[in-house]
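Engineer: Listed below are the residues making up each chain.
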Amino acid sequence: GQSLEQPSEVTAVEGAIVQINCTYQTSGFYGLSWYQQHDGGAPTFLSYNALDGLEETGRFSSFLSRSDSYGYLLLQELQMKDSASYFCAVLNTGFQKLVFGTGTRLLVSP
Amino acid sequence: DSGVTQTPKHLITATGQRVTLRCSPRSGDLSVYWYQQSLDQGLQFLIQYYNGEERAKGNILERFSAQQFPDLHSELNLSSLELGDSALYFCASSPAGGPNEKLFFGSGTQLSVL
Numbered sequence: 001g002q003s004l005e006q007p008s009e010v011t012a013v014e015g016a017i018v019q020i021n022c023t024y025q026t027s028g029f030y031g032l033s034w035y036q037q038h039d040g041g042a043p044t045f046l047s048y049n050a051l052d053g054l055e056e057t058g059r060f061s062s063f064l065s066r067s068d069s070y071g072y073l074l075l076q077e078l079q080m081k082d083s084a085s086y087f088c089a090v091l092n093t094g095f096q097k098l099v100f101g102t103g104t105r106l107l108v109s110p
Numbered sequence: 001d002s003g004v005t006q007t008p009k010h011l012i013t014a015t016g017q018r019v020t021l022r023c024s025p026r027s028g029d030l031s032v033y034w035y036q037q038s039l040d041q042g043l044q045f046l047i048q049y050y051n052g053e054e055r056a057k058g059n060i061l062e063r064f065s066a067q068q069f070p071d072l073h074s075e076l077n078l079s080s081l082e083l084g085d086s087a088l089y090f091c092a093s094s095p096a097g098g099p100n101e102k103l104f105f106g107s108g109t110q111l112s113v114l
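Chains X and F, in that order, give the protein sequences.
Each residue of the first sequence is one higher than the last, beginning at 1 in my numbering.
Each residue of the second sequence is one higher than the last, beginning at 1 in my numbering.
Derived by calculation from the structure, the hints in this document are not laboratory data.
Glycine included, C-beta positions come from ideal geometry on N, C-alpha and C.
Treat the hints with caution; some may be incorrect.
[Claimed, not checked] Chain X side only, calculated, beta carbon under 10 Å to chain F, not exhaustive:
1) G31
2) Y35
3) A42
4) L98
5) F100
6) G103
7) L107
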């Protein structure tokens, strides 16, 4: 089977840096994606890692270690609008589908 | 705006009833995915279609079925509804047949079964 683990909630203040971890267990691993979802909204794609290392996209970066079955999303210079749920998702070639974790709720306070 | 259109936005119905959720993918996208999101839950993959053919199946109940039409829009049919079927149902699309790491999600259909 497949499983992903993320913290259920993370809190931080404006301007800070926060890291959201994701560990996964799956066969036929292809890559790890990250999505953001505001309350009542649709998930939106943030980043994707297929190879080990760090991918940077503006204030957001994502990291993957295939040997450790681990990845994280790093959010810098936090803003109030970053308060949302963040989902990691495993792309698995064997099952032809994107499997999502249960999400991490990020609360950014002033 | 992702370009994926889902209708209706809200649906309230009773147990035992049948409903149909509709999804129009982004222009040019051939794949449609259906996901279910219950309260405080992650996104549960239901089913994927590519260019009219079923491509992958997830934890979709036998009471649920879907199809993708020649114009590429898709419908998710939920029958014999139960209280536990109340959830947000998302449709997503991508250009590829899969796997694809970047999906474009519609705004969802909130289903309430009373």
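Engineer: Work down the list of hints and note, for each, if the structure agrees.
Structural biologist: Tested hints:
1. G31: For X/G31, the interface hint holds, since the closest Cβ of chain F sits about 5 Å away, which is under 10 Å.
2. Y35: 8 Å, holds
3. A42: 4 Å, holds
4. L98: With Cβ-Cβ at 6 Å, under 10 Å, it holds.
5. F100: Status holds, d = 4 Å.
6. G103: Holds - the Cβ of X/G103 comes within 10 Å of chain F, reaching about 5 Å at its closest.
7. L107: Constraint on X/L107 not satisfied, violated at 15 Å.
The earlier numbered hint that this structure contradicts is number 7, and it is the only one.
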